[in-house]
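Novice: Sequence:
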Amino acid sequence: MKILIVDDNADYRLLLSHIFQDKGWLTVEAPDGAAAFNLLREEMPDVVLSDVMMPHMDGFQLLRALRGSPFRDLIFVFYTSTYEKEEHRDFAMSLGADAYIVKPLDPVDIAAALSVIMNKGSLAHDGPIQSEEEFLRKHNVLLSEKLLEKALELQREAAEHRRDEEELLRLKRMRQQGDAGLAAPVVPLAPVQCPFSVSEKIYDPVVKIDAICEEMAARKDDLEDSGAVTLIDQLCASMRRLRQLVSDLQEYIIIPRSELYAPMRRIQMLVEVLKQDYPALPAWAEERIDELQQHLRQFGALVEDLVKLTTVAKSEVNRQQVDLSMMARALVEELRKASPERRSEIMIRDGLQVSADRKLLRLALENLLDNSWKFTRNMPVAHIEFDVMQVDQKRVFYVRDNGIGFSVKQGEQLFTAFERLPEARDFPGNGIGLAIVRTAICRHGGTVWGVGEPGRGATFYFTIAG
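Take the sequence shown: its letter number 147 is residue 146 in numbering that gives the first Met the number 0, and every next letter is one higher.
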């Protein structure tokens, strides 16, 4: 993770750099917006953390220039002690800022807030850019206000400067006493009760992207422009980072989403620069770039689904009385509204009550009913049933349908994340739903299993402990 820190206060830049480096992040510094913009192509940061008021080009001007460039998808975060009013924040967000942090805030707290922001991730900023006239009008009003307040700001900065120096000395002492190495970017979670399995197929898009990078690197001598060759070298370097993170997925339950998005975002920006600056690329290069973007979008969707699954695996279970019958009817109503043309007969038993976490159980039931609805779409009439039976004095809930079904041999395979059966490939989805179901039920001390027959439907059973 590389962060570009933009601030005309050199001491504050240095302080933030030390704090971020202690977290394992790389840092680049710039004293103003103009210098920062000139560094983008060379440094390719993942995040821009910028003050607002600076000479030459302020933070607002930098953000507007960035969103109109090939680097528009960078995460951009403001931190400021001068532009603290609601209208200042609104102006920043209208320009495309991802977050707006108002000081005074401890630098360590800024790092913590930045971690949260980066984990949200975003690969696209497609909103309209303000016209030059509108931007100048709003910008000049804000600038005039701040020039009048600058004297007071200088007094506050003097006090902050003393605190920053003390913090910097403390960090330097800590670094001298302890290990000054970079923290590992992969953070293993504490052991959870319900580990899940992930299909190797999640890595398919990355393997394809890697192959495209290798081909482009091997054929870069066919390109006449040295600038394009340099960009391809940078693209392949980012690909190697992504490949390493994907390999780490096999050893850890989860990698912070921001770590996965960093090389993905950098690859996307490099591709945009290639397309914009070198429109006369050979046909083979243009084809490979289009393929690369397609695989990158596919992998991004898989990462989002993996985040959903790991969230279920580590979330707290807050039990309360839950009416499953009412929940199921609400979910079915949503499905019918989405496909009003479909014919269906759906039976839901009344009075199905359990003590469970409402959100987790809703996820489980939603995915079970959604699967039944999806895999019965080719039936003249979809038959779906949600009921309960007693087995050895235990309640066993089940969802049954008359859909495409599956063979007994495939039963366990269904619960592996991103594993899709051949019969299901004509239906939408990434193969994450039943993995979420199993994990959510497991968090309640229960079990889930399925039985089916090809062409004759499927039934999924689950129990809830307690």
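Some hints could be false.
[What the hints assert, rightly or not] BS3-like, lysine-lysine: derived pairs with alpha carbons at most 30 Å apart:
hint, residue 1, residue 2
1, Lys358, Lys307
2, Lys1, Lys358
3, Lys313, Lys22
4, Lys336, Lys393
Simulated from the structure, these hints should not be mistaken for laboratory data.
Novice: Regarding the pair Lys358 and Lys307, is the alpha-carbon distance no greater than 30 Å?
Specialist: holds, 13 Å
Novice: Given the proposed pairing of Lys336 with Lys393, does the C-alpha separation stay at or below 30 Å?
Specialist: violated, 35 Å
Novice: Run the distance test for Lys313 versus Lys22: straight-line Cα separation, threshold 30 Å.
Specialist: holds, 23 Å
Novice: Run the distance test for Lys1 versus Lys358: straight-line Cα separation, threshold 30 Å.
Specialist: violated, 35 Å
Comparing the model with each numbered hint stated earlier shows that hints 2, 4 do not hold.
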